[in-house]
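Undergrad: Letter by letter, the chains look like this.
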Amino acid sequence: MNYTIATIASHSCLQILKGAKDEGFATVAIASSKHVGFYKQYSFIDEILPTQSYKEVSALEKTLLKKNCIVVPHGSFVAYLGSDFDKKTKLPYFGSKKILEVEGDRRAQQRWLEKAGMRLPKLYKSISEVDRPVIVKMYGARGGTGYFVAQDKNELEKKLKANKTREDFVMQEYIVGIPIYIQFFYSPLSGKLEIMGVDRRYETNVDGIGRIPAVLQEKLDVVPSYTVMGNFPIVLRESLLPTVYAMGERVVEASKKLSTKGLYGPFCLETIISSDQKVYCIEISCRIVAGTNCFISGSPYSDLLFGEPMSMGRRIAREIKEAISKNRLEEILD
Amino acid sequence: MNYTIATIASHSCLQILKGAKDEGFATVAIASSKHVGFYKQYSFIDEILPTQSYKEVSALEKTLLKKNCIVVPHGSFVAYLGSDFDKKTKLPYFGSKKILEVEGDRRAQQRWLEKAGMRLPKLYKSISEVDRPVIVKMYGARGGTGYFVAQDKNELEKKLKANKTREDFVMQEYIVGIPIYIQFFYSPLSGKLEIMGVDRRYETNVDGIGRIPAVLQEKLDVVPSYTVMGNFPIVLRESLLPTVYAMGERVVEASKKLSTKGLYGPFCLETIISSDQKVYCIEISCRIVAGTNCFISGSPYSDLLFGEPMSMGRRIAREIKEAISKNRLEEILD
Amino acid sequence: MNYTIATIASHSCLQILKGAKDEGFATVAIASSKHVGFYKQYSFIDEILPTQSYKEVSALEKTLLKKNCIVVPHGSFVAYLGSDFDKKTKLPYFGSKKILEVEGDRRAQQRWLEKAGMRLPKLYKSISEVDRPVIVKMYGARGGTGYFVAQDKNELEKKLKANKTREDFVMQEYIVGIPIYIQFFYSPLSGKLEIMGVDRRYETNVDGIGRIPAVLQEKLDVVPSYTVMGNFPIVLRESLLPTVYAMGERVVEASKKLSTKGLYGPFCLETIISSDQKVYCIEISCRIVAGTNCFISGSPYSDLLFGEPMSMGRRIAREIKEAISKNRLEEILD
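Chains as they are written, first to last, in the working numbering: chain F, 1 to 334; chain C, 1 to 334; chain L, 1 to 334.
For the record, the hints were derived by calculation from the structure and aren't laboratory data. Don't take each hint at face value.
Identical copies go unnamed one by one, so any copy, or any two together, can satisfy a pair.
With a straight-line cut-off of 25 Å between C-alpha atoms, the simulated DSS-like cross-links for lysine-lysine are [as the list claims (entries may be wrong)]: (1) K87 with K158; (2) K34 with K115; (3) K219 with K122; (4) K90 with K40; (5) K98 with K256; (6) K257 with K164; (7) K158 with K219; (8) K159 with K219; (9) K164 with K98; (10) K115 with K125; (11) K278 with K159; (12) K164 with K278; (13) K97 with K62; (14) K97 with K261; (15) K66 with K125; (16) K219 with K278; (17) K219 with K125; (18) K90 with K256; (19) K66 with K321; (20) K34 with K87.
Small disclaimer: the values here were computed from a predicted structure and weren't measured.
Extracted from the complex, chain F is given alone in its bound form:
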């Protein structure tokens, strides 16, 4: 097998390249020059291509093409390189660029999830409509950075005014409940959807404020923020598995109207489950999520499906390997 798996050295790179090596691929990491030393300690990375800035990754394209690279995108990949890279690159790409574009546009994402029959938090079109606490989310895959809550219309207006960035954002009804993230893999080769793992994000500072008594919160002037710093592995109540599995299937099905191949490979449904056990889908990530890093040697869920340790990174590599051996590579590349 003459292919190399390549990705940007961040996010879930270690998992992706470890999985690729476990499946017999050569591996390449494209790393910011200052991180080359760090990544060098991992023996499953065959080569590290340094870059001064991710903006310059396209300069490496020739080298990557010569190595017969297949590129695996992840959250930082998407955030750093942006859709410009995706549009221009000639590198074989594991994932649907069109679907990633839809993911990046929160309103388009919302329409897709609605068509897939997800239960969604109310999305407000204008500030004047806002009649309850909302969470404001920026566009793009940036691990929750910049999200904020506003308890009512007034606070919302004030905070939006103070917020200097002029980015696109949406205003979502704040759902009281617990966040649960379900990691899926959809295989175009088998036509089957797999639950690969479940996690819960660990966000600063919102996951620290519960440790501050109410009386002290005021003193500290606590303003919640939602930047993802890590993840907890969890398991989901088994009686909910068929429910979330069906949600995953519907999302895949509905994606086929967005692009020919539709959504395939790894994705994640990001949910809040409320007191009355309603599963709200608050976001979808259409590529490998950082929560899969909890399961570098397999999760309780992948252990039920595979007779060996199967991370999401390895699952991707296995799909590519199978596609190569079955001469179906074009079905899983974009």
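Got chain F sorted already, so can you dock chains C and L onto it with the hints?
TA: Chains C and L only, in chain F's frame:
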């Protein structure tokens, strides 16, 4: 070996049947018709018997008896089929029905735990006695659904009046501390108790309210609820292990006065540990708990005891296998 | 190989001795008499030496020397035996006693971390300087026992007056953010630093107060405490790994000015990450931490480095084994 392990397709079914298959058993899942498709994807399930309603499971009894099934109960099993099934069924049953009955009756449970020398939260016999915040718990194994807190007698009265269900309940002193769940297996064959894992429940919405700043809580009119949606794997401070192990031993010992065989197989002590490191036992579950799903390929604790991945489901199957090979099956079935 | 690994039966003893056995060593646990029964169930412990009190451990020294024991210290080891033991003992000791002394003295620790270029919370020299909420921490490795917060100077004075213990303490600025603990191993043999795992402590009652609505907190008169009762396994955002790795390297480097061998073997950087993604180092533990118990069969991070399950306990044993085989034992013992 000519036995089949069977259970209801929910709760910890996947773990139980995976473990049974790992130990060489045939496996059967009794699934709600609409979930058959979901369970079909797991290759370790040999057969899925569909049922329209769990009330009709007894109609399957003949089929299950013909397959030489041993039934393994779990939380949903107990909640769906109830004690009626337990009383009538002729199916060999891994677990003590009498003990499960005691578990289901919170006051009988309390008496047992008292006799076992557990430190227990105060249980109020009447509303008029209530002199501090309490948590109100319904009878039965339903994953915390319906539990609520009341900060004083007045609120308690109001909430009980508003609560339409006329179920049995207890009023327990609210203990400030952290919940920790210790998973045990008691082997009647070896006469030994094993610590198999430790988890912490993930409950909606109570595990979400810490993410809401105090000022916003009021706006959102947050009322805590305690429905278990998942579990976190955790480890316990090693200096507490001998303490909780002794608690487990005392509970097993005291159970022998409740039924001839007493408590055996999997059980869980559900504790709250307070600031002064006191371990309060708030509940006991006398069968496999969903928290063991964290450890489908073994936990840090089972890894200390076994040279191979040992989930609670597999541990059950191994006990049955050993009982068969030693002709001691009647000692572990009810 | 004729060596025995010995430690005190608490904290991370099970992990240490399991790891030692996996690497081929004989193993000895020194256990409080009442815990001997508990530790007996673990087959990887070859011998348990009972002691009435940890103060009397030195009485066992001859026995331990005869068995060719190498002692592995851990948190309870340090807390129970104290620096007196360290100074007097002739037992080969895996770890730098001088560095442990610096760890135990919070001001010396602070100076070291400053020299290593860590971002540190402000440390107040006198009560009168205190101008914001602070956390008060006692000296020594005691799992957070006795820590408390004060929201301002007045509360601080009141609480210090009420606090009867006359121990040394420091007053640290309270940082709003999320706690993340990074477990490292520095190998003097290879000269390399390894990230072995990441966890988050589970502290009573501070990790329980988020489950209490603000209105109820008042009623319950909740005062936060920080006694560690367990740990959650987590993973860290990959883009932060190079940052924390560099922090670990700087700490090791700076330690060489504190003692000839400097810091080696297992250590842990205890951080709080704030909203603006700043990594504050709030403490350092210069020996195996209890959070490594999450990873008795390896962590996502050790799985990236080793082709087999590698707990911190086993990593220690492997370093000792390699030192023996290379005749470099004196480089890793104190």
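Undergrad: Now tell me if each hint is right for this structure.
TA: Tested hints:
Taking the shortest alpha-carbon separations for K87 and K158, neither the intra-copy value of 37 Å nor the inter-copy value of 62 Å comes in at or below 25 Å. In the homo-oligomer, the alpha carbons of K34 and K115 lie at most 25 Å apart only across protomers (22 Å), although the nearest pairing inside one protomer, at 44 Å, exceeds that limit. Proximity of K219 to K122 under the C-alpha cut-off of 25 Å is restricted to the inter-copy arrangement: shortest distance 17 Å between copies versus 33 Å within a copy. With identical chains, the CA atoms of K90 and K40 are never at most 25 Å apart, being 27 Å at best within one copy and 40 Å at best between copies.
Taking the shortest alpha-carbon separations for K98 and K256, only the intra-copy value of 11 Å comes in at or below 25 Å, while the best inter-copy value is 54 Å. Proximity of K257 to K164 under the C-alpha cut-off of 25 Å is found in neither arrangement, the shortest distances being 37 Å within a copy and 46 Å between copies. Taking the shortest Cα distances, K158 and K219 sit within 25 Å of each other both inside one copy (21 Å) and across copies (17 Å). For a Cα distance limit of 25 Å, the shortest separation of K159 from K219 qualifies both inside one copy, at 20 Å, and across copies, at 17 Å.
In this assembly of identical chains, K164 and K98 lie within 25 Å of each other by CA distance neither inside one copy nor across copies; the values are 30 Å within and 51 Å between. Taking the closest pair of Cα atoms, K115 and K125 come within 25 Å of each other only inside a single copy of the chain (18 Å); across copies the shortest separation is 52 Å, beyond that limit. Taking the shortest Cα distances, K278 and K159 sit within 25 Å of each other only across copies (23 Å), while inside one copy they are farther apart (30 Å). Only between protomers do K164 and K278 lie at most 25 Å apart by alpha-carbon distance; the minimum there is 21 Å, versus 35 Å within a single protomer.
In this assembly of identical chains, K97 and K62 lie within 25 Å of each other by CA distance solely inside one copy; the values are 20 Å within and 54 Å between copies. Taking identical chains as interchangeable, the C-alpha atoms of K97 and K261 lie at most 25 Å apart only when both belong to the same chain, with a minimum of 10 Å there against 53 Å between chains. Taking CA atoms no more than 25 Å apart as the test, K66 paired with K125 passes in neither setting, with 48 Å inside one copy and 61 Å between copies. Taking CA atoms no more than 25 Å apart as the test, K219 paired with K278 passes between copies only; the shortest distance there is 21 Å, against 35 Å inside one copy.
In the homo-oligomer, the alpha carbons of K219 and K125 lie at most 25 Å apart only across protomers (22 Å), although the nearest pairing inside one protomer, at 35 Å, exceeds that limit. Within a single copy, K90 and K256 get their C-alpha atoms as close as 23 Å, which meets the 25 Å cut-off; across copies the closest is 50 Å, which misses it. Only within a single protomer do K66 and K321 lie at most 25 Å apart by alpha-carbon distance; the minimum there is 19 Å, versus 44 Å between protomers. For a Cα distance limit of 25 Å, the shortest separation of K34 from K87 qualifies neither inside one copy, at 28 Å, nor across copies, at 42 Å.
In terms of the numbered hints stated before, the structure departs from hints 1, 4, 6, 9, 15 and 20, listed from lowest to highest.
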